[in-house]
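Q: Whole structure, please, built from the sequences with the hints as guidance.
Taken in order, these protein sequences are the chains called A and B.
Counting from 22, one number per residue, gives the positions in the first sequence under the numbering used here.
Counting from -2, one number per residue, gives the positions in the second sequence under the numbering used here.
A couple of the hints might just be wrong.
Stated by the list, open to error - Only pairs whose alpha carbons sit at most 20 Å apart, straight line, appear in this in silico EDC-like list of lysine to aspartate or glutamate: (1) B:53 to A:24; (2) A:239 to A:166; (3) A:234 to A:172; (4) A:387 to B:43; (5) A:153 to A:405; (6) B:53 to A:437; (7) B:44 to A:390; (8) B:44 to A:428; (9) A:173 to A:233; (10) A:421 to B:43; (11) A:59 to A:110; (12) B:53 to A:360; (13) A:387 to A:432; (14) B:53 to A:432; (15) A:267 to A:425; (16) B:53 to A:424; (17) B:53 to A:441; (18) B:53 to A:390; (19) B:21 to B:8; (20) B:53 to A:428; (21) B:44 to A:441; (22) B:44 to A:432; (23) B:53 to A:425; (24) B:44 to A:425; (25) B:44 to A:424.
Stated by the list, open to error - Cβ pair distances, simulated, as ranges: (26) A:339 to B:4: 49 to 55 Å; (27) B:24 to A:307: 38 to 44 Å; (28) B:24 to A:304: 32 to 38 Å; (29) B:40 to A:297: 18 to 24 Å; (30) B:44 to A:105: 38 to 44 Å.
Calculated from the structure, these hints are not laboratory results.
Cβ atoms here follow ideal geometry from the backbone N, Cα and C, with glycine treated the same way.
So the chains spell out like this:
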Amino acid sequence: MQDLIKKANKQALENLQKAQPTLIGIGVALKDIPNMDKKTILHAGPPITWDNMSGPLKGAVIGGLIYEGLASNEAEARTLAASGEIKFEPCHHHNTVGPMAGVVTSSMPVWIIENKAFGNLAYCTLNEGLGKVLRYGAFSEEVIERLNWIEKTLAPVLTAALKLRGDIDLKSMIAQVVQMGDEGHNRNKAGTSLFIREMAPYIVLVDFSNEEKADVLKFMHSNDHFFLNLTMPACKAAIDPNANIKYSTIVSIMARNGTEFGIKVSGLGDRWFTAPAEIIDGLFFPGYDKEDANPDIGDSVITETTGIGGFAMATAPAIVQFVGGTPQDAIQYTTSMYEITEEESNAYKMPTMNFRGTPTGIDIQKVIETQILPIINTGIAHKDPGVGQVGAGIVRPPMKCFEDALEAFVELMASEGMID
Amino acid sequence: MNKINELFSKDLKVINMGLESFHKDLKSQDVDSIQMNWRPTAGGNEKMMALLARLKTKK
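A: Written out as structure tokens, the structure reads:
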């Protein structure tokens, strides 16, 4: 059995190592995301019903319905969301990822990423910035106005500029930012800067007013996390070829919806293994504390699933000022992740680790054997809808997800007569 | 002379597995000691140990 598992895991890692995530354009959710329609709302994490959604996810759904014109105020949006008329589905079921609440509605512009090594696509909305934003469950007028500006100005300007620029190789860009102090999840300062550098010469050439073009550049410049929404679908596109490799014990998805944490394992295909999401240990913005925090939320943990984010913390010592701890802790976190992963990235190399590749490909057997859980860098949403981000910190998945997955894997192997 | 007494007449170099307080006590007495970073497979969870073992057996 171990020979079959080893062979399958080798295949999964080969897929990941040779992935070529590439930005090929910007589309619209309704037109581009598979099986999307006007009454479907995508969200982060495993499946969840309206009743079980946490505050920030409910807030983001309310904002999404107002943005789409399907409701004109909070009360109407709540009634519609509870009516059964709206279909709620995980982003991951539609080749999509969404940070925090991860809400995607039909009119939203989306980055389109192609994994050129396999031809599969992945999607993600454009990052809205920090503070009061939809992904943290805020839905006030300023949030809706910004979403409209993203749709009417930001996306069209960037679409036109990208047509002039041509495809952007995100694997090579992420490899660079990992050597510039970003870990790709909670620190995206280098990535955002590099992206602006790539795009600015073409933005100035497109046929929009100077004011619009300046607003686009200022918006990207003001938001250190702008590149996160490119890193995430790059990771999604890279790992999706591992969705269903028979006998593989490598984790293919980790994601949270604010109520539950869910994982999928390559050899177990479409099954989610879920457990209640944890509260994040971190640093809070002035005026907030742990009592205000919502449990862990968002698809951004796709970065750790593919070997960056918390797994690459050693390369981002400055991040400890945002998430807590010391630079030595950051090195320790990365070092411990080699215990539960299969290989080292051949592209993402960390100068602080003597250019060692990031720990890549989580094996559920190793997690259970060592009892070392993946480390995740993340933002903290307020537990009430409408408030927004209140801090950032470090969290781990519940062990139960991995225990249940291992048990299911053993049962499947036994049912197929592969083991006694 | 008992073999064990021979050991105590030499400089001790200790690798300690298990309770870290043994290692700390030796350190406080200036005895060279290394604490081995070790814990039982699956943290000693018998159900998980059995599952892992089933995947490792040859049929």
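Q: Give a verdict on every hint.
A: Hints and how they fare:
1. Restraint check: the Cα-Cα separation between residue 53 (chain B) and residue 24 (chain A) comes to about 9 Å, which is no more than 20 Å; the hinted pair holds.
2. Using a Cα cut-off of 20 Å, the hinted pair residue 239 (chain A) and residue 166 (chain A) holds, with the two alpha carbons roughly 17 Å apart.
3. Under the criterion of a C-alpha separation no larger than 20 Å, the hint pairing residue 234 (chain A) with residue 172 (chain A) is consistent with the structure, at around 14 Å.
4. Between residue 387 (chain A) and residue 43 (chain B) the alpha-carbon distance is near 16 Å, which keeps this suggested pair within the 20 Å criterion.
5. Simply put, residue 153 (chain A) and residue 405 (chain A) have alpha-carbon atoms about 12 Å apart, close enough for the 20 Å limit, and the pair holds.
6. Our distance criterion of 20 Å between C-alpha atoms is met by residue 53 (chain B) and residue 437 (chain A), whose separation comes to about 16 Å.
7. Between residue 44 (chain B) and residue 390 (chain A), the direct Cα distance comes to roughly 12 Å. Compliance with the 20 Å bound is thereby established for this hinted pair.
8. With a C-alpha separation of about 9 Å, the suggested pairing of residue 44 (chain B) with residue 428 (chain A) holds against the 20 Å cut-off.
9. For the hint pairing residue 173 (chain A) with residue 233 (chain A), the CA-to-CA distance comes to about 10 Å; that is within 20 Å, so the pair holds.
10. Using a Cα cut-off of 20 Å, the hinted pair residue 421 (chain A) and residue 43 (chain B) holds, with the two alpha carbons roughly 15 Å apart.
11. Taking the CA atoms of residue 59 (chain A) and residue 110 (chain A), the gap is about 13 Å. The hint holds against a cut of 20 Å.
12. The straight-line distance between the Cα atoms of residue 53 (chain B) and residue 360 (chain A) is roughly 18 Å, inside the 20 Å bound, and the hint therefore holds.
13. Distance check on the hinted pair: residue 387 (chain A) and residue 432 (chain A) sit about 18 Å apart at the alpha-carbon level, within 20 Å; holds.
14. The hinted pair formed by residue 53 (chain B) and residue 432 (chain A) meets the criterion: a straight-line CA distance of about 14 Å does not exceed 20 Å.
15. The hinted pair formed by residue 267 (chain A) and residue 425 (chain A) meets the criterion: a straight-line CA distance of about 18 Å does not exceed 20 Å.
16. Between the alpha carbons of residue 53 (chain B) and residue 424 (chain A) the distance comes to roughly 17 Å, so the proposed pair stays at or under 20 Å and holds.
17. Among the hinted pairs, residue 53 (chain B) with residue 441 (chain A) is consistent with the structure: their alpha-carbon atoms are about 11 Å apart, no more than 20 Å.
18. The suggested pairing of residue 53 (chain B) with residue 390 (chain A) holds, with an alpha-carbon distance near 12 Å, which does not exceed 20 Å.
19. A C-alpha spacing of about 17 Å is found between residue 21 (chain B) and residue 8 (chain B), which places the hinted pair at or below 20 Å, so the restraint holds.
20. For the suggested pair residue 53 (chain B) and residue 428 (chain A), the alpha carbons sit about 14 Å apart, so the restraint of at most 20 Å is met.
21. About 16 Å separates the Cα atoms of residue 44 (chain B) and residue 441 (chain A), which keeps this hinted pair within 20 Å; it holds.
22. At most 20 Å may separate the alpha-carbon atoms for a hinted pair to count; residue 44 (chain B) and residue 432 (chain A) meet this at roughly 13 Å.
23. Between residue 53 (chain B) and residue 425 (chain A) the alpha-carbon distance is near 18 Å, which keeps this suggested pair within the 20 Å criterion.
24. With a C-alpha separation of about 11 Å, the suggested pairing of residue 44 (chain B) with residue 425 (chain A) holds against the 20 Å cut-off.
25. In summary, the hint linking residue 44 (chain B) to residue 424 (chain A) is supported, as the alpha carbons are separated by about 10 Å, within the 20 Å threshold.
26. Between residue 339 (chain A) and residue 4 (chain B) the Cβ separation comes to about 50 Å, which falls inside the hinted range of 49 to 55 Å.
27. Between residue 24 (chain B) and residue 307 (chain A) the Cβ separation comes to about 42 Å, which falls inside the hinted range of 38 to 44 Å.
28. The hint said 32 to 38 Å for the Cβ distance between residue 24 (chain B) and residue 304 (chain A), and at roughly 34 Å that hint holds.
29. Distance hint check for residue 40 (chain B) and residue 297 (chain A): the Cβ-Cβ separation is about 20 Å, which falls inside the suggested range of 18 to 24 Å.
30. For residue 44 (chain B) and residue 105 (chain A), the Cβ-Cβ distance of about 40 Å falls inside the hinted range of 38 to 44 Å, so the restraint holds.
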